Structure formats: C-alpha cells, structure tokens
Amino acid sequence: MTVRVRFHGRGGQGAKTASRILGNAAFNDGYFTQDFPIYGAERRGAPVTAFTRFSREEITERGFIFSPDISAVMDDSLIADTLANPFSGLRRGGVAVVNTTKAKGSVVPGRDDVKSVCLDLTGQALKTLGKPVLSAGIAAAVARISGINKEALLTAVVDELKDIGLSAEMVQKNVGFAAAIYGELSPLELKTEELDAREELVPLAVVVSEGGIEAVTQAGNSAIRHTGNWRTFRPNIDYEKCTDCMMCYAYCPESAMAVGPDGRVKIDYDNCKGCMICMVECPLKAISQTLEGGA
Amino acid sequence: MKGRLLTGNAAAAAAARLARVDYVPAYPITPQTEIIETIADWVREGTMDSKFVQLESEHSMMTAAGAASLAGARVFTATSSQGLLYALEMLYNVSGWRAPMLLVNVSRGLAAPIVLEPDHNDVLAARDSGFLQLHSETCQEVADLVLLAYRVAEDKRVSLPAIVNLDGFYLSFTREPVVLPDQGKVDQFLPPYEPVSPLSASRPVARGSAVMEGFVYSYFRYNLHAAALRAKNVFNEAAGEYEQLFGREYGPVEGYMLDDAEYVLVMSNSFTALGRQAVKRMRERGVHAGLLKLRMVRPFPTEEVAALLRGRKVVGVFDQNLSPGLGGIFYSEVAGALYHVKNRPKAILPAVGALGGKQITAKEMDSVFEEMVRIDRDGVTPSPMFLMRDDELARVRKAVAIAEGRS
Ligand code: SF4
Ligand code: SF4
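As you go down the protein sequences, you meet chains A and B in turn. Counting from 7, one number per residue, gives the positions in the first sequence under our numbering. Counting from 789, one number per residue, gives the positions in the second sequence under our numbering.
Warning: the hint list may mix true and false statements.
Which bits of chain A does chain B cover? Going by a derived footprint, with three or more residues having C-beta under 8 Å, they are [said to hold, decoys possible]: (1) 31-39; (2) 64-76; (3) 202-211; (4) 224-234.
Ranges between beta-carbon positions, derived for each pair [as the list claims (entries may be wrong)]: (5) A:Ala174 x B:Ala900: 38 to 48 Å; (6) A:Arg98 x B:Val967: 34 to 44 Å; (7) B:Pro992 x A:Ala174: 51 to 61 Å; (8) A:Lys156 x B:Val1188: 12 to 22 Å; (9) A:Ala229 x B:Leu1114: 33 to 43 Å; (10) A:Asp118 x B:Val1168: 42 to 52 Å; (11) B:Ala1095 x A:Val213: 32 to 42 Å; (12) B:Asp837 x A:Gly116: 58 to 68 Å; (13) A:Val214 x B:Val967: 37 to 47 Å; (14) A:Pro259 x B:Pro992: 48 to 58 Å.
Here are the simulated DSS-like pairs of lysine-lysine, each with C-alpha atoms no more than 25 Å apart in a straight line [said to hold, decoys possible]: (15) A:Lys168 x A:Lys156; (16) B:Lys1146 x B:Lys1186; (17) A:Lys156 x B:Lys790; (18) B:Lys1146 x B:Lys1101; (19) B:Lys1151 x A:Lys197; (20) A:Lys108 x A:Lys133; (21) B:Lys1068 x A:Lys197; (22) A:Lys168 x B:Lys790.
The set of hints was computed from the structure by calculation and includes no laboratory data. Bear in mind that the values here come from a model prediction, so they are computed numbers and not experimental data. Beta carbons: idealized from backbone N, C-alpha and C, even for Gly.
Isolated chain A, as found in the complex (with noise of 0.2 Å):
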C-alpha cells in the first residue's frame, strides 16, 4: 500500500522541509519513497503544498496528490482558504492532522468518515525553538500516526535540518520538538478508500467561447484576496509612543500601512501579512507582536 500525505502550510513554516523529513524518514524506515514541494512566486506566508508518498512496493504514481491518506495542517487559517483547500479528495478513513489551538474533536467540515489529529504545534515549536517553525513537528506526527520508525525518523530530522544549515544546536532542539510529538501520538489504522470523482471534462468549444483575451482592467486587485490570515504575529501600534514619523508606512512591503483620517498610522488587518519589518523598523519602539489566536 502507498501512503499518500499532503502538507499545506504557509510559507517559512516548513512545509517542503516536513515532506523531506518524512520522505527521508520512511526511506531510512525501508520504504520507497517520493517527496516533492509546489509553490508559487510567492513566498513567506502564500499557502505551501508539499507531498510525501510512501510505500513498500516501487512508487508509479507521480506529480499532485488529489486523494491523500493524511492530510497535514500547519496552519488552521488554511481550513478555510478556498485556494489551499487542504481536505479536498481526503480519503475515507484518512486523517487529517490540524495544527490548532481552536479545534477540538473534529476539523474536517461535513466529513464524518475522517479521523482528526489537532495538535498545538505553534505553542509547542515557540516554547522548543523560540520560533513557530513546525517541519519537525508536523513530520513526526505524520510518521508516528502511520507507523514510521522513531529513529528513522530522528535521523531524518537531524540529515535533513542540516542540509539546510541549521546550527547544531537548533538541529538538536528539533530532535526534541519531533521526538515530543512522536511520543504523544500512537499509530492509526489507515485504511482507506478514494473518494468519487465529481469532476466534469469541459470541451474546447466551452473553454475557448470567451474569447481568452482578457486583461487585468481593475488595478490594485491584488487587495480583494486577503492575506491578513497569513499571520503568525500580529502587529499592534502604540499610539501613545508613536510620533507619526512614517517609517513604518516606508517600510511596509505589502502597503498594508496606511494612513487613517485622523492623519495617523494605522494598520489594515485584511492584508497585513505579519512580516513584523515595522516593528524591527520603528525608531521609538512603538510596534510589539502578539500572537494570532489560531496557528
């Protein structure tokens, strides 16, 4: 049997590098195994979706997995966001593993046939690495709940953390973050079964009757999809200390600082990303972080 898992995360949360860790997890565990990560142009905070598969037998499958066996995480905004749409094709008897402090029992909306893991990697990675990094974390859930050797995958943590330079140090400390996970969860039974397609074929003539000439007319579209839900920190300005100098406003790479009618600096939630360049930016200390309420 194959096992199908499908990461989405954000990016710098450590999507791709939770596949490897797992890839190479089960590889060490005497699998054959496949990993590989998609994305974007964008990068830290765009949603991230990574694959692992994984199975005794050689792998013929390939590219995009539509029917994982688990589905994993990192993020709980990511639930309801229509383009990462992390559960679609979720298989029945699959699980999804949530990184969450919201959710309790079930995270799947509407799926009675899945079983839900909800974990608070967040919390877990600030308190272990001071940094809400969760490869490690996510990786050792998804290879406790299907089996996968801990020391195959402690060795698949420290080889793959080093490839990607991370200290010594560091290395050691998400040992200890995966080898916690590992021990908090025991193997689920994953037998599973793929889901109907429910997808139509559309003939050329259908796709081409528009013409396929359109052009983006309405500028500064970009601020209808909100990117607000891509924070881990939140920005708070304090406008006692605040002297209106504009650096932040400067400074913000996602104009997401902007000027109220009261002639002040204020911050639009919608779109503000979490990237925290104003608060290390502010020349009076005015900007602290605080962490969202989700992941």
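Given the structure of chain A, go ahead and fit chain B with the ligands onto it with the hints provided.
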C-alpha cells in the same frame, strides 16, 4: 533501500560530476537553478574538478559552451524555458559546429502568460536545432541519460550536441531513490573526450564558416541530418553496454503493457507515470490498454514507433505542448511515422493536456482511453481533445471576473 534520495536537479548535477565534465558555463533560471547551484558548491568545495563560470546570459552561456567543446572540453550546462529560447540562436550554431556538448533542459511552460510548471514547448522549440534529445520520466533516468547522452554525442559517427530533458517540479524538485553509478565503471563507460581537430591557439581550425552557396550549405546540413539519424544506433550500442555495466535498460522508446494492447497512448516525460496508472485502471475494467513512451525525441525513433504501434486498434498521442494553429507536436510526428505502415491503427487521437504543468486527474487520463475505445466502437473520426475540468474553468472564470471588476 537502494540508492539515495535525490531530486531530478541533483541527479543531473551528480551525473555531470560523474561524467567528469571540464567546463560548466551557467546562468540561473527557475526551475533549473538547483543544478548549477549544486555544481557551483562542489567546484568551490573542491569535490568537483571543473571550471565553473557564470555568464551574463543564456546566449553567452551557450556560445561559451559550444566554443569550449570545440576546444576539446567536455561541457555541461543547463537551462529552462525562456533561457532556452534566449540561447536558441546559438543552439543552431553549436550543432552546426558539430560540438558534442550537453545541455540539460528543465522544462517549464513559456511566457506569456507566465508560469513556472512544465510543458514541452520549451524543449520542442529546439527540436529542429540539430541537438539530439533524450527525455526522462524519473530522476534515475535523468542521471543515466546524462551519461548516455555524452557517450552518443561524442561518438565520432555522431559528433552532435545533445539535450537531456526533465520536467520542472515533477522531476526537478521531486526527490526519489536514485542509484548513482560507480565512478570507476562510469570512467570505463565514458572515457575522456577525444576531439577531432580541436581549436587550439597554436593550430588554427575553423568550423561552421560562411559558405555562402546553398549547395555547400546543403552538404553540411544533410551530413548533420545523417549524423543525427546514426545517433539512434549509436545510442542502442551504448545503452547495451550501459545495461551490462549498470543493470538498467534503455531504448529509444519504452513500451508498457503492450503485448496484447489494442488502445495505446503515446506519451513522454514525467507525466508518463500518470499514463501508466490509467493503463492499469483500464486493464482492471477489461480494456486492453497500453502505453508507448518516447525517450528519444531526436532523432525521432520512427521505426520503433511504427513497429510498436502497427496492428493496434486506436492510438492516442498525449501532447504536453501546443503548436497554436496546428495542435500537439508529437501527434504529427507519430502520424507521420505510421502513414506508410501496413496494418496501421485505424485512428490516431490527438490529446493536448498538462500545459504549464496543469494537474491531470485520473478521470482526465482515463477519458483519453475512453475516447479511444469510443472512436473504435463507433467508427468515428477523432477530434482533438484539450484537457480541462469544470472546477478549473470555474476558477479561471472567477479570476477573470475579478480582473475585470465584474465581481
Ligand atoms: S507586519 Fe507591518 S510591515 Fe509587515 S505587512 Fe504588517 S504592517 Fe506591513
Ligand atoms: S514607525 Fe513607529 S513611530 Fe513611526 S509612524 Fe510607524 S509606529 Fe509610529
């Protein structure tokens, strides 16, 4: 477990190192960059004994590559998509110079609009350039084809440059177990390049000079064509030796479940894996499905294609490329190979799909086989398929509505 986990990009870099290439002129582009970054690291660390130079463009990169090859160096370079197009002028020159260098192309759809994921319009834009072309389905194949390509390209009967193609993302960033051949055996398979009359400072040599007259030009072009055709047998010889040394078998084409197949789909590159899955599903449904993979694209394996497709009921050609105003490129080439064959299939179905790496579901893949069966049953003339799903079209329409301010 045998081998180690490598991406397609890492496999290409590793094979270049195993081939002991002398010179790597480079220019980065997504999704190829990891190849040259890896090589640059190795050269810097001293674990690869090559000269690495970053040029200011792909055009210069290819010029440097061709010139160094003529001087007798074993040359490796890599590009993708727009980079290949920018280098294209020099591709025709380098093949005309009969310089047997190797270019790895990591397929990515061409602008505009802009995309990062693969289709084969980039590498097929170079199909008439005189470069040999080998296309890979797996990361293992990437490594093996790089080594095979050098052997064939440098053979005196051929002396032509070659392209090894791999798909962006689906191979370039996909890690899977790859067995890297042993250096000693590679050295045996691929001895140092011995150029014929190399360029040298002390002994002037000219290649590809201005000939001005068409008949002289024709002489050289016909010879280039003949050399490309000879490359197939040279490849077969080399592949035989490769199999003996390394245990992996490679032909110009590869059949899958062909023995009693009535409906055969022709595919190339990494999406072939999806075709294989469809064949298995159709077999479970009692349909005698099969698949023919094109590994060698130039020279085109006309005889192999004809031999393996004759006598089938319906053949389909899955083109992950589009020649606007014509259709799929391989369709025409396969149809051409079959025209004079006795007992040729009664229909050939053109199917275009996976442009810009568009994901293909099982249902989409199966639909191509279902259409082949329907054509056979109803005796209808095939009309080309262009794969697209309703959910995808709905997303396009929604995005267009936003772009035009209609939502
Ligand atoms: S954190 Fe600050 S700089 Fe970053 S997007 Fe939000 S407002 Fe802009
Ligand atoms: S940089 Fe700091 S002080 Fe200046 S406007 Fe922004 S919040 Fe206020």
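Verification of the supplied hints:
1. Counting residues of the stretch 31-39 of chain A whose CB lies closer than 8 Å to any CB of chain B gives 5, so the stated coverage by that chain holds, three being the minimum.
2. Chain B is given as covering the stretch 64-76 of chain A, and this holds because 7 residues of the stretch bring a CB closer than 8 Å to a CB of that chain, at least three being needed.
3. Coverage of the stretch 202-211 of chain A by chain B holds in this model, with 7 residues showing a Cβ closer than 8 Å to a Cβ of that chain against a need of three.
4. Proximity of the stretch 224-234 of chain A to chain B, defined as three or more residues with a beta carbon under 8 Å from a beta carbon of that chain, is established by the 3 residues found.
5. Between A:Ala174 and B:Ala900 the CB atoms are about 47 Å apart, so this pair conforms to the stated range of 38 to 48 Å.
6. For A:Arg98 paired with B:Val967, a C-beta distance near 37 Å keeps the hint of 34 to 44 Å intact.
7. A hinted range of 51 to 61 Å holds for the C-beta pair B:Pro992 and A:Ala174, which are about 57 Å apart.
8. A beta carbon spacing of about 50 Å between A:Lys156 and B:Val1188 contradicts the range 12 to 22 Å that was offered as a hint.
9. The hinted window of 33 to 43 Å between A:Ala229 and B:Leu1114 holds, with their beta carbons roughly 41 Å apart.
10. Between A:Asp118 and B:Val1168 the C-beta distance comes to about 45 Å, which sits within the given range of 42 to 52 Å.
11. Taking the beta carbon of each, B:Ala1095 and A:Val213 are about 36 Å apart, inside 32 to 42 Å as hinted.
12. The beta-carbon spacing between B:Asp837 and A:Gly116, approximately 60 Å, falls within the hinted interval of 58 to 68 Å.
13. In this structure the supplied range 37 to 47 Å holds for A:Val214 paired with B:Val967, their Cβ-Cβ distance being about 46 Å.
14. One distance hint, 48 to 58 Å for the beta-carbon pair A:Pro259 and B:Pro992, holds here, with the actual separation near 56 Å.
15. The straight-line distance between the Cα atoms of A:Lys168 and A:Lys156 is roughly 18 Å, inside the 25 Å bound, and the hint therefore holds.
16. Restraint check: the Cα-Cα separation between B:Lys1146 and B:Lys1186 comes to about 18 Å, which is no more than 25 Å; the hinted pair holds.
17. Distance restraint check for A:Lys156 and B:Lys790: the Cα-Cα separation of roughly 21 Å lies within the 25 Å cut-off, and the hinted pair is therefore satisfied.
18. Between B:Lys1146 and B:Lys1101, the direct Cα distance comes to roughly 29 Å. Violation of the 25 Å bound is thereby established for this hinted pair.
19. The straight-line distance between the Cα atoms of B:Lys1151 and A:Lys197 is roughly 23 Å, inside the 25 Å bound, and the hint therefore holds.
20. Simply put, A:Lys108 and A:Lys133 have alpha-carbon atoms about 18 Å apart, close enough for the 25 Å limit, and the pair holds.
21. A hinted pair counts as satisfied when its Cα atoms are at most 25 Å apart, and B:Lys1068 with A:Lys197 qualifies at roughly 21 Å.
22. In summary, the hint linking A:Lys168 to B:Lys790 is supported, as the alpha carbons are separated by about 22 Å, within the 25 Å threshold.
When the structure is compared with the earlier hints, violations turn up for hints 8, 18 and for no others.
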